[in-house]
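J.: The listed protein sequences derive, respectively, from chains A and B.
Quick note: the first sequence uses numbering that gives the first Met the number 0, first residue 0, plus one each step.
Quick note: the second sequence uses numbering that gives the first Met the number 0, first residue 0, plus one each step.
A couple of the hints might just be wrong.
Pairs count within a copy or across copies, as identical chains cannot be separated in the list.
Mimicking BS3-like on lysine-lysine, the simulated pairs with C-alpha atoms at most 27 Å apart in a straight line are [what the hints assert, rightly or not]:
(1) 124 / 85
(2) 113 / 124
(3) 68 / 117
(4) 85 / 113
(5) 76 / 113
(6) 124 / 72
(7) 124 / 68
(8) 85 / 68
(9) 117 / 85
(10) 72 / 113
(11) 85 / 72
Read the hints as simulated data drawn from the structure, not as lab findings.
Source: prediction; values computed, not measured.
Protein chains: 2
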Amino acid sequence: MTTEHEQDPVHCAISDALSVLGDRWSLLVVRDVLRGINRFDSLQDSLHIARNILAQRLASLEEAGVLVKSPIKPNGKRMCYNPTPKCLGLIPVLVSLIDWTANWSSEEQKRWAKVIDKTTGEEVKIGIVDNNNNPIPMSQLSIQF
Amino acid sequence: MTTEHEQDPVHCAISDALSVLGDRWSLLVVRDVLRGINRFDSLQDSLHIARNILAQRLASLEEAGVLVKSPIKPNGKRMCYNPTPKCLGLIPVLVSLIDWTANWSSEEQKRWAKVIDKTTGEEVKIGIVDNNNNPIPMSQLSIQF
Chain A
0 MTTEHEQDPV HCAISDALSV LGDRWSLLVV RDVLRGINRF DSLQDSLHIA
50 RNILAQRLAS LEEAGVLVKS PIKPNGKRMC YNPTPKCLGL IPVLVSLIDW
100 TANWSSEEQK RWAKVIDKTT GEEVKIGIVD NNNNPIPMSQ LSIQF
Chain B
0 MTTEHEQDPV HCAISDALSV LGDRWSLLVV RDVLRGINRF DSLQDSLHIA
50 RNILAQRLAS LEEAGVLVKS PIKPNGKRMC YNPTPKCLGL IPVLVSLIDW
100 TANWSSEEQK RWAKVIDKTT GEEVKIGIVD NNNNPIPMSQ LSIQF
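Isolated chain A (complex conformation) (with noise of 0.2 Å):
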């Protein structure tokens, strides 16, 4: 494997995390189940997406530790899909995405997804920031293999 990928080009972390994220539903699953949305009937009303493709996109984010799959009730048959510490670790992501439309949209948005810290209820931010946590601007950085 490291062979094959060392002669890879595309193979990087961030083709990695892409090859588990796949596209577009798996980020949005992982936004609802972090807001609280856990069951198959409830992510598939939010989401507006083939039962077979949920299905799929929760399989696998349940077969990369992602989420993890457990019955409602004890021994019942229905399912809730909860996040794992590996889950938690997406947030990051999550609000880099929400900071760079929030910086760079034109549209007017009057719905916004937020991620807020539970025990002061306020917005959070996200930095890049050097080893003494001082702030770097964008411009001063490139990204290296």
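Could you slot chain B onto chain A? The hints should help.
T.: Quick look at chain B alone, frame taken from chain A:
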């Protein structure tokens, strides 16, 4: 548009961003342009995708204001693609995807995308903070509309 969006339970800042970014290829094109690969043939060599797919992704990123196309030489026919400030604004998305894979991938990584501060050469990090710039643990966050 606004009325339609208000009735659309999928629509939010996250889905808006994903509708521009479209699929994994768009973010990988952004990654490569940000590391200085900015000609069509070089991007194709790096990404190993079909020319028509790459042309589509470049056109939609140009239309979204993420890339700007210009001749390599004045009045020349060969074009290159350069990042706009809106493209630089995607760096936090890339950094958060890199961090997520670094924290959660079980595979040993030999080859790793890094975002560095050009002035120091140091790798940067991303953090979720409150208004006083104090870091907030992921478990303390929730997503709301």
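J.: Hints first: check each against the structure and report whether it holds.
T.: Do the hints match the structure? See the list:
1. 124 / 85: Answer is both; intra-copy 20 Å and inter-copy 18 Å each pass.
2. 113 / 124: both (10 Å within a copy, 22 Å between copies)
3. 68 / 117: Classified as within: same-chain Cα gap 24 Å, cross-chain 44 Å, threshold 27 Å.
4. 85 / 113: both (20 Å within a copy, 21 Å between copies)
5. 76 / 113: neither (33 Å within a copy, 45 Å between copies)
6. 124 / 72: neither (37 Å within a copy, 41 Å between copies)
7. 124 / 68: neither (30 Å within a copy, 32 Å between copies)
8. 85 / 68: Result: close within a single copy only, 14 Å intra versus 38 Å inter.
9. 117 / 85: The answer is within: 19 Å in one copy meets 27 Å, while 30 Å across copies does not.
10. 72 / 113: neither (30 Å within a copy, 45 Å between copies)
11. 85 / 72: within (24 Å within a copy, 47 Å between copies)
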